[in-house]
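All chains, full assembly: derive it from the sequences and hints.
Protein chains in written order, with our numbering: chain H, 100 to 722; chain L, 554 to 1115.
The hints are simulated quantities; they were obtained by calculation from the structure and are not laboratory data.
Please note that the accuracy of each hint is not assured.
Stated by the list, open to error - Pairwise CB distance ranges, derived in the manner of DEER restraints:
hint, chain 1, residue 1, chain 2, residue 2, range
1, L, T608, H, H353, 34 to 42 Å
2, L, K564, H, E362, 52 to 60 Å
3, L, T608, H, D611, 48 to 56 Å
4, L, K564, H, E608, 36 to 44 Å
5, H, R430, L, E837, 35 to 43 Å
6, L, E860, H, M100, 32 to 40 Å
7, H, E362, L, T608, 46 to 54 Å
8, H, H195, L, V618, 52 to 60 Å
What the hints assert, rightly or not - No more than 30 Å apart at the CA atoms, straight line, and that leaves these computed lysine-lysine pairs for DSSO-like:
hint, chain 1, residue 1, chain 2, residue 2
9, L, K1086, L, K1069
10, H, K434, L, K664
11, H, K469, L, K610
12, H, K102, H, K213
Said to hold, decoys possible - Some chain H residues close to chain L (C-beta under 10 Å, calculated; not the full set):
hint, residue
13, K102
14, S103
15, R421
16, F570
17, T575
18, G589
In this text, a Cβ means the ideal position worked out from N, Cα and C, and glycines have one as well.
So you can see what is in the structure, the chains are spelled out below.
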Amino acid sequence: MIKSYDDLLSMEKLYKKSLDKQRKKVLICAGTGCVAGGSLKIYEKIKSLVEEKGLLVDIDLTKEEEGIGVKKSGCHGFCEAGPLVRIEPYNYLYLHVKLEDCEEIVSKTLKEGKPIERLMYHDGDVIYETQEEIPFYERQTRLVLHNCGHIDAENIQEYIGNGGYKAAAMALTMEPKDICQIVVDSGLRGRGGGGFPAGKKWMQVLSQPNPIKYVVCNGDEGDPGAFMDRSIMEGDPHKVIEGMLISGFATGAHEGYIYVRAEYPLAVNRLEKAIQQATEYGLLGDNILGSGFSFNIHISQGAGAFVCGEGSALTASIEGERGMPRVKPPRTVEKGLFECPTVLNNVETFANIPIIILNGAEEYKKYGIKNNSGTKVFALTGNVVNTGLIEVPMGTTLKEVIFDIGGGIPKGKEFKAVQIGGPSGGCLIFDDKHLNLPLSFDSLESVGAMIGSGGMVVMDEDTCMVEVARFFMSFTQRESCGKCIPCREGTKRMLDILEKITAGNGTLEDLDLLYEIADTVKNTALCGLGKTASNPVLSTLEYFYDEYLAHVKDKVCPAKICKGLATITIDTSMCKGCSKCARTCPVGAISGKIKEPYVIDNNKCIKCGACIEACPFKAIKEV
Amino acid sequence: MGGTMIIDGRKVKYTNQKNILSVIRDAGIDLPTFCYHSELSIYGACRMCTVETSTGKIIATCSEVPRDGMEIYTNSPRIRKYRKMILELLLSNHDRDCTVCERTGKCQLQKLAKRYGINRIRFNQLIEEQEVDNSSPSIIRNPNKCIKCGDCVMVCDEIQGVGALGFTHRGTEVQIKPAFNKKLSETNCVNCGQCRIVCPTAAITIRNETQKVWDAIYDKNTRVIAQIAPAVRVALGEEFGMKPGEVTIGKIASILRKIGVDEVYDTALSADLTVMEESNEFLERFSNNENLPLFTSCCPAWVKFAENKYPELIKNISTCKSPQQMFGAVAREYYNKKDKEDGQKTFIVSIMPCTAKKAEAARPEFTHDGVREVDVVLTTQELAIMIKEIGINFQDVEEESLDMPFGIASGAGIIFGTTGGVTEAVLRRLLKDKFGKDDCEIIFNSVRGLDAVKEASVEVDGKVINIAVVHGLKDADSLIKQIKKGEKHYDLVEVMACKGGCIAGGGQPVPRIITKETRALRAAGLYNIDKTKLIKSSDENYIIKNIYEDILKDNNHILHVK
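Here's what the structure looks like:
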């Protein structure tokens, strides 16, 4: 039980010293991606191998013991290359580690301090020895993710030993108003998508006269391909808790809720452990650090509806109601959870708070650009060499992210577009305007995309943009709560039209109608989900109109993705007239005379591809 | 907190309107909505009330408060485009069998589609036909006509505290239905029909039983008699262009005879009978201090609500049958002998402002040897359907009087149709000595009007009787909770399920927007009739005396449920 600020400081010192004594540390990534790749087995294996050597691995930081710290860390971010193992003090990062590699890791690296080159990052002949040298990491600025991959995510001692909860301890000695002011001065904007100034929100909640207030952490990350918040919750849960604690004190709330989707079992588990530890250490509960302030955190598990990431739907869901957005005003700061004033921020926003309090607003503002201070975590996925979790200062250009950190497009393909901001973001293209665009809330909005929660999907030349729009629309349509008419009916109709176009039956009028619906939905829908649902359609219509035209006018899919627009031909020079294709065709679209080239009637053809597979001479092709 | 807004280039002053929508409507612009009802919470789903601001922002006016100097356009090119698209989207997923739809001509969706010139739907109809729920004795729910505006869900929950309907599924598959896919009859629905009043389309309609009445009329061996509830006469006219509250009882009598009904009687008379029985019951319980407070029993939706939620209170509910059932019981007694003599059977129709009365008449305790006390209950709305069908010009119909022996009622019986009426009628009897004096008027006034809960205390024989009047089941629910907690003490509680009482029942014509004004006007209509009545108090009604002496004799028990 930590009873005071000084208590915490001495504990930090003790843990730090103890951590420093761990001559070698093995940090095995235990994020969801690497766990799926078998990292927990690797952890067990390395642990038992080290133990066999008579070395201590489970180290109690209060005892200043010596040993090799073998730890399950949070996500290292380089998910593409998982399972990942980092070895300190050498800072080696081993990629694609397999169970068979463990023995060598222990005998060669841990014992002799020698690197295993085949497990290291290569770029041609160049081998990158340390993690920090790898281009993927080199150009990142990991503030929020600082601890992720570097400390044991399940151990509060390591968090404290790395300066954890110091910000909270400092905050507890300050005036709530002053804390809010620091957050205002820092320029931190909500990382959940809207980019509303966090400090302003806190000030508004602080000024509410209601004696009961709440702090709610939005961990309902639902975008396909996005895992920023999950990685923070899994990799550094205490940072989120600390941010919420500070927020509670600064706004006068005594209860906090973390809303996490149940599909994030690891995050739920780590958060539960972290809350338990923090409570045991006196960092949650009554009279925290002797300040007289009490704060408790509860976890509320969501059933995975995308719309529950929307503030008012989220609070409704916590209350046990149907997760459906309501009209605003009243805003959440006035009437949020249980009709009380509520601070609702997302995971990453809360994780920024300790950094701001610890270093001050001015220091924080050194990162990022004007009106968009700090860093932003992005989940980089799609057709890019290095997929994974990255953190860069606001204002970094798309080009830097995709080509420098992401390593560009694999297999020498051309870059085509990048979709930012989840299913309701927009698609941006390769031109100076877009790729040199500094990433910020305002700049992205101005080109029809949004930061959203930070999903970034890179697409290469083989991508059909109409199909991309169709894909994202199928997601939003399925996830629409069905409350307001524009979103409920509009997303369905947009999807219908997009399906019609990708099936090869679209008309020019459909394009006008598509735009008309998209415009209506964007402007009249009730909540953020609906208002942004049109973005993939509107942005692809704007930047890839030619591609739409090709689909509806010329009846071709330039990327050859849309099956409905494919034409199947029989190469007369290769066809031997064996009739196998004609016998296989389910719709009787192929005809001919034996031993003469067969012909295919593309009006009848349903593009099933059965003939292509059936032809023994490879004479049939899709063009 | 007033100010000035600029609406379509015109300066409009506002005072304390709660949203921009009200300011716009008060300025004489009929901004369309599907999901907005001033008495329900703001749902904000239909997006029809959106306007464009001077900065090009599109806002929904139902949820925005007016701000001084704000400039908005209600019919900008963008707004017109969006509104049309929303309507087109709604229509694309709607059962568009308008020609055979009961609400045709009165459907808000049809009205707005016409108003905004939607002359074609560019989308193919996708709806998968869903089963119609006709399990309820009172209302029919047709999900194929539902536009998911949520009005029924809100009225059922927020006003009635019942919550029989809710949302299921997501996206285009969203549906409004009872939980667990149950039929309405299997839920706690109390049949009040308020959902049908707020429904903008024909997704919820009244169970139409007019054919049964036609069949009885056309049967030569059947004597058809009708009883008309008080509230019907002040609302039926609205279906024929008259104002709420205009009294049409004379026309109803005349028209029913034209339709072929043999005798036309007044339920207000059996309301007088109810006053006699209920005040006796009350005085007895009051002097024995037994099962108090006494709750009134004339509203079947309330009775069902109590049975569902507070079964322990059933003993507190008056054993008196409702006026409808008392009429049925007495009329059967009266016509039994006649029927045998004439070789006829008597078919009793009641014309009620209420959908729950249909369910009440079907309850087993009101059927004796296979014969129902009331054969068919028609709502005001169904009567209008019959009148329109036979093509009578309502305006020109000459007024006639009701038939005897059940055609004369006191003013007390008439005001049963509005909240506070039952209480006042009972008080007129209890305070007989003081009746007509000033302090009596003050007491009566305290139970009149549309306040959620009205209270009165009167002294009878040196003892103080505490009375509460409540309407709207949600308010009744909170009152009961207070009573149970001991925070409130009453001896007599009048409960009407519908806000305003029977005048705003679920079987009444649908005003475009049910507002307090409509209710107040209909109530005023009843009080106007009361003013013209020479007989003010039930015990002064000589017919009552005849009923007791000539018909009931010692059979008073048929006026009560066991």
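Hint by hint, here is what the structure shows:
One distance hint, 34 to 42 Å for the beta-carbon pair T608/L and H353/H, holds here, with the actual separation near 40 Å. Under the hint 52 to 60 Å, the C-beta atoms of K564/L and E362/H, about 54 Å apart, fit the expected range. The supplied range of 48 to 56 Å is broken by T608/L and D611/H, whose beta-carbon atoms lie about 27 Å from each other. Checked against the hint of 36 to 44 Å, the C-beta distance between K564/L and E608/H comes to roughly 42 Å, which is consistent with it.
At roughly 57 Å, the beta carbons of R430/H and E837/L sit outside the given window of 35 to 43 Å. In this structure, E860/L and M100/H break the distance hint of 32 to 40 Å, their C-beta atoms being roughly 56 Å apart. Range check, E362/H to T608/L: about 40 Å between beta-carbon atoms, so the 46 to 54 Å window is missed. Taken as a hint, the range 52 to 60 Å holds for the pair H195/H and V618/L, whose Cβ atoms sit roughly 59 Å apart.
For the hint linking K1086/L to K1069/L, the alpha-carbon distance of about 26 Å falls within 30 Å, and the restraint holds. The hinted pair formed by K434/H and K664/L fails the criterion: a straight-line CA distance of about 36 Å is larger than 30 Å. For the proposed pair K469/H and K610/L, the alpha carbon gap of about 26 Å is at most 30 Å, so the pair holds. About 44 Å separates the Cα atoms of K102/H and K213/H, which puts this hinted pair outside 30 Å; it is violated.
Interface hint status for K102/H: violated, as the beta-carbon distance to the closest one in chain L is roughly 43 Å, over 10 Å. Hint status for S103/H: violated, given a least beta-carbon distance of 45 Å to chain L, over 10 Å. Against a cut-off of 10 Å between C-beta atoms, the interface hint on R421/H holds, since the closest Cβ of chain L lies about 6 Å away. At a threshold of 10 Å, the smallest CB-CB gap from F570/H to chain L is about 16 Å, leaving the interface hint violated.
With 10 Å as the threshold, the beta carbon of T575/H comes within range of chain L, its nearest partner Cβ sitting at about 9 Å, so the hint holds. This hint holds: G589/H has a C-beta 6 Å from the nearest C-beta of chain L, less than the 10 Å allowed.
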